[in-house]
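Number of protein chains: 2
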Amino acid sequence: MSKELTSREADYSQWYNDLVIKGGLADYSAVRGCMVIKPYGFTLWENMRDVLDKKFKQTGHVNAYFPLLIPKSFLSKEAAHIEGFATECAVVTHYRLKSDPNGGGMIVDPEAKLEEELIIRPTSETIIWNTYKTWIQSYRDLPILVNQWANVVRWEMRTRLFLRTAEFLWQEGHTAHATPQEAIDETKQMLEVYAEFAEKYMAMPVIKGVKTANERFAGAVDTYTIEALMQDGKALQSGTSHFLGQNFAKAFDVKFASKEGVEEYVWATSWGVSTRLIGALIMAHSDDDGLIIPPKIAPFHVVLIPFLQKNVEERTAIEAKTKEIKTALEEKGIRVMLDMDDSKRPGFKFAEYELKGIPVRIVIGPRDLANGVVEVARRDTKEKSLVQLEGLEQTITQLLDDIQENIYQKALKFRDDSITKVDTWDEFISVLDGKAGFILAHWDGTSETETKIKELTKATIRCIPLDNPLEDGKCILTGKPSIQRVLFARAY
Amino acid sequence: MSKELTSREADYSQWYNDLVIKGGLADYSAVRGCMVIKPYGFTLWENMRDVLDKKFKQTGHVNAYFPLLIPKSFLSKEAAHIEGFATECAVVTHYRLKSDPNGGGMIVDPEAKLEEELIIRPTSETIIWNTYKTWIQSYRDLPILVNQWANVVRWEMRTRLFLRTAEFLWQEGHTAHATPQEAIDETKQMLEVYAEFAEKYMAMPVIKGVKTANERFAGAVDTYTIEALMQDGKALQSGTSHFLGQNFAKAFDVKFASKEGVEEYVWATSWGVSTRLIGALIMAHSDDDGLIIPPKIAPFHVVLIPFLQKNVEERTAIEAKTKEIKTALEEKGIRVMLDMDDSKRPGFKFAEYELKGIPVRIVIGPRDLANGVVEVARRDTKEKSLVQLEGLEQTITQLLDDIQENIYQKALKFRDDSITKVDTWDEFISVLDGKAGFILAHWDGTSETETKIKELTKATIRCIPLDNPLEDGKCILTGKPSIQRVLFARAY
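In the order they appear, the protein sequences are chains W and Z. Following the working numbering, the numbering of the first sequence begins with 154 at its first residue and continues without gaps. Following the working numbering, the numbering of the second sequence begins with 154 at its first residue and continues without gaps.
Take the hints with a grain of salt, since some may be wrong.
One copy or two, it doesn't matter: identical chains are merged, so the pair holds either way.
Quick list of in silico lysine-lysine cross-link-like pairs, DSS-like style, CA-CA up to 25 Å [claimed, not checked]:
| id | residue 1 | residue 2 |
| --- | --- | --- |
| 1 | K408 | K175 |
| 2 | K479 | K588 |
| 3 | K476 | K210 |
| 4 | K207 | K449 |
| 5 | K387 | K537 |
| 6 | K208 | K485 |
Because the hints were derived from the structure by calculation, they are not lab data.
Please build the complete structure, drawing on both the sequences and the hints.
Dropping the structure here:
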């Protein structure tokens, strides 16, 4: 097969699209900005979702489900919130079609106009806090620790598969607390859950930090974020956790009677990650031959390819041995794809599974079989070796761990090598337009300066890293005094 | 606690609503016809979903995800399909809000009108078959065995929690095949999967059959169904599996090159079950004291209630023993809820967990502890007994199996006792208005007669049971010849 993949150097953006589409993860749909997540891509999402869901439950959360449609008036109740989402709202105005009396096919029935328009949720704070109002009376009803797996719609003008789509899948946690400290602790706890998931499962190092006012979630008091670095030197916001203060409680009048019998507004958090993570995963690890997927979340760990012979006896022996190997691997929890299709050449198959990023390939040939070995190739380094059939399951289990670790270390080294400290505007521009990556630089702390820098360079402050060291300096743009460096980058 | 539940006899419909709302499964939302699925109800749905998802995967299916929004023109391409769904469509017409220049808050921006309206999927055949067109070229691309877990919207005029809501959660399988036989086999296979799930997991006996033309899915050649019986003698369609013939392939021009190189239209199936099943579950088993949930899908199997004493020494001993029991049960895969809240009376708690339908209650008191026993009560029969602490896990595991079987047998007996053969119109009316249930009666096979019977009695033909015995008779309404009895009932 000729995969005809664009290389990263030739066109990074086209390389990314090629991997998504030719790798079988997703495809464009007939609906502007919406994608079809294909089975291979969806299995990847299921694996990620299952790990996260388990972590949410281990930290005391339960799942629930709230309506897709939000009355327009709800969305408008929190001022910053509606300002942030108004321009991206898909609006339902009617509830019926009818035959055009003039013969023009089906038309929207003008008599079926809704009294109040409904918005397809771009996020669910408003409908959920309107519900919490009925769930919360006293401190005994707190905390509420709820998560929802759902689809949301944000009418983005420029869309990209996984990274920015009009509809996407995500989870959104929405918690309610009696004290601000408890809510802040929850916000930080969920940031840790995300960071651990990104690093341990996606093999993707992240920098944890807090957003500046300019980059905050619409309606939050503080937005915490994990920021990852892509191979083109651009940052990607990979998950956010918001301390919402009492903003939504006030907007929806949600109060509780404290132990002392005092009525107080409830404290809130929300936090989410989305199918955007799949875009991050692709761009963090993959190469010019296709996807590289960390074993812990890979749809398949191993592809098993027997060399089927024309000779019936040999063929039968290899088929039997292949199935035996498959069973032995699966018993150890290894996810195996078996490819017995002999209408395709081995070279074609090898390229196909490299493209799909299956971490390990095992090839079984008659000569190897006679010697009690199989050929094992790893996707990340392309190394091949002959491995004893005896104890193969243990060898592969260990190999998968090694691959997971190797992918992480490679991404970590790249990320660490891509953090540059700069002290002047010229250096800042030179790094941005050169090696790119994360830039640690002084900033005078004002929204105006941040906006100006963004206008001039398209770079934004990704975050103020947690536990950032304080250090006197001068803002790279204005020269005004600064107490700490912040993390700049151009971003997706 | 006074649960204040309405009894079935007093008001069956109110009894149902009480159980859903007071049992903590779901609640009304601020959006007309849409519900909030609360954590306890959602956990029940997760348990059902996980079993079904496993069965779908075991039968070779994979999950994928298709867009929520469908262009109006797509929905119109299959004539019967659009006719079936036109009056229930939620229509998106705009993609932006803006501030009212006249100071009236947020309004829909008239300049952000979509060129073509988008419909929130009421079901996904059209968007999926438009996608399959790009996936299918040759017989090598077939079969496609895809399932989707999703939310759908059907703008129903009269809604009821779980049973009929404007938005609901479901799965929809959409498969593509090279031959009609293969598609029919798939349709029947998935009906079996649903029937087995209903009976083995939901403990709900069902009758498998095929729908008449009047009751067929909009766009199907044949609709297979599983029909369950509720305690008020009404039927509830619990799952359907459709053989779609080439209807959608023709509407979306999806052809494949056969082995012989001939271009043919692809054959299709679709099949689905929804959160409606939770409504069925409630009405099949529950009683005047609350929910009865079969152990195999229950959110919790056991609630553990220690009698905490004022005396510190006793209290500590009971707490320690309680946690020990919890761990021992959980190690056997038993889902345990622990209630250590001593601000509520035992009687209140007992009533609460009866309402919630937790299959087994274990009470641990100081005297029992001294005797090496605990008090075990089962929800289905309300029987209580003292059980040895030694080997408690095995006893409870066995008890859960017994409860599962007992719930099923009870529902089976009720269902079997509720099937009546009638031969005359008078008998038909008398049974319908009396004991109700399923009625096996002769019908002349015409849509007109079926429609007439529905108008006169609100009873419909639920299905023609699979393997129905042929038997000469006369239609109960028209007296015309009939070759078999069909299954009538009033239905949800």
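We went through each hint and held it up to the structure:
When the C-alpha separation of K408 and K175 is checked against a cutoff of 25 Å, the pair qualifies only between copies, where the shortest distance is 22 Å, while the shortest distance within a copy is 52 Å. Neither within a single protomer nor between protomers do K479 and K588 lie at most 25 Å apart by alpha-carbon distance, with minima of 45 Å and 56 Å respectively. Taking identical chains as interchangeable, the C-alpha atoms of K476 and K210 lie at most 25 Å apart only when they sit on different chains, with a minimum of 19 Å there against 37 Å within one chain. When the C-alpha separation of K207 and K449 is checked against a cutoff of 25 Å, the pair qualifies both within a copy, at 14 Å, and between copies, at 20 Å.
Taking the closest pair of Cα atoms, K387 and K537 never come within 25 Å of each other, the shortest separation being 33 Å inside a single copy and 65 Å across copies. With identical chains, the CA atoms of K208 and K485 are at most 25 Å apart both within one copy (23 Å) and between copies (21 Å).
Hints 2 and 5, counting from the list given before, are not met by this structure.
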